[in-house]
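S.K.: Produce the entire structure from the sequences given, and follow the hints as far as they go.
Protein chains in written order, with our numbering: chain A, 1 to 115; chain B, 1 to 115.
By construction, these hints were calculated from the structure, which means they are not laboratory data.
Hints may be right or wrong, so weigh each one.
To be verified - Mimicking BS3-like on lysine-lysine, the simulated pairs with C-alpha atoms at most 25 Å apart in a straight line are:
1) A:K114 <-> B:K83
2) B:K83 <-> A:K107
3) A:K68 <-> B:K103
4) B:K83 <-> B:K42
5) B:K42 <-> A:K107
6) B:K57 <-> B:K83
7) A:K110 <-> A:K68
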Amino acid sequence: AQSVTQPDIHITVSEGASLELRCNYSYGATPYLFWYVQSPGQGLQLLLKYFSGDTLVQGIKGFEAEFKRSQSSFNLRKPSVHWSDAAEYFCAVAPYGGSQGNLIFGKGTKLSVKP
Amino acid sequence: EPEVTQTPSHQVTQMGQEVILRCVPISNHLYFYWYRQILGQKVEFLVSFYNNEISEKSEIFDDQFSVERPDGSNFTLKIRSTKLEDSAMYFCASSEPPGFSEKLFFGSGTQLSVL
Chain A
1 AQSVTQPDIH
11 ITVSEGASLE
21 LRCNYSYGAT
31 PYLFWYVQSP
41 GQGLQLLLKY
51 FSGDTLVQGI
61 KGFEAEFKRS
71 QSSFNLRKPS
81 VHWSDAAEYF
91 CAVAPYGGSQ
101 GNLIFGKGTK
111 LSVKP
Chain B
1 EPEVTQTPSH
11 QVTQMGQEVI
21 LRCVPISNHL
31 YFYWYRQILG
41 QKVEFLVSFY
51 NNEISEKSEI
61 FDDQFSVERP
71 DGSNFTLKIR
81 STKLEDSAMY
91 FCASSEPPGF
101 SEKLFFGSGT
111 QLSVL
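M.R.: Here it is in structure tokens:
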């Protein structure tokens, strides 16, 4: 069965430091891959997605993610974190060629940013 | 940016009672979804809805659940006889027709507490 693993439940970084959030997936073929962010009291907002092509994907708010097929990973990165980036981040997959609305989410990584 | 609106933000109900969670999707969207997140667990897909019928549903979406688009703007999730384990955050989402540029817009959720 398809699954998504986010091994880090909670990460704390200093403002201005770089960030990498890990995501691994288990799926028979290359799925569609997504990163969502949820700020307190807000809905899930799409940061970026990978369907095919260039394995380094640029998203909103200065985030990027790299798809590595050999590692079944889709890690999210940001070179310099801002205090407003404190939120919960969810990695998700959708079956290739299937409904992009039936997303399988990871458990999320909560990001705290210290001054 | 357009928003998906969910009401109420928090609903408390007694076990065995019926609840209706309401959502107003983005006006030109055609696909609608419900997801839920039990505290500490993953965001889980419940159901997708298109053209006034369910297009896909998960194992969670049993006979206790139903969805409806009663008018041109609202999309509702009904739980007929709530159980304690139905306590969760319920997210509504909507999207344009599937395609490379399609993305889900999520509401900020309704926290359902079943006592």
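S.K.: Of the numbered hints stated earlier in the document, which are not met by this structure?
M.R.: 1
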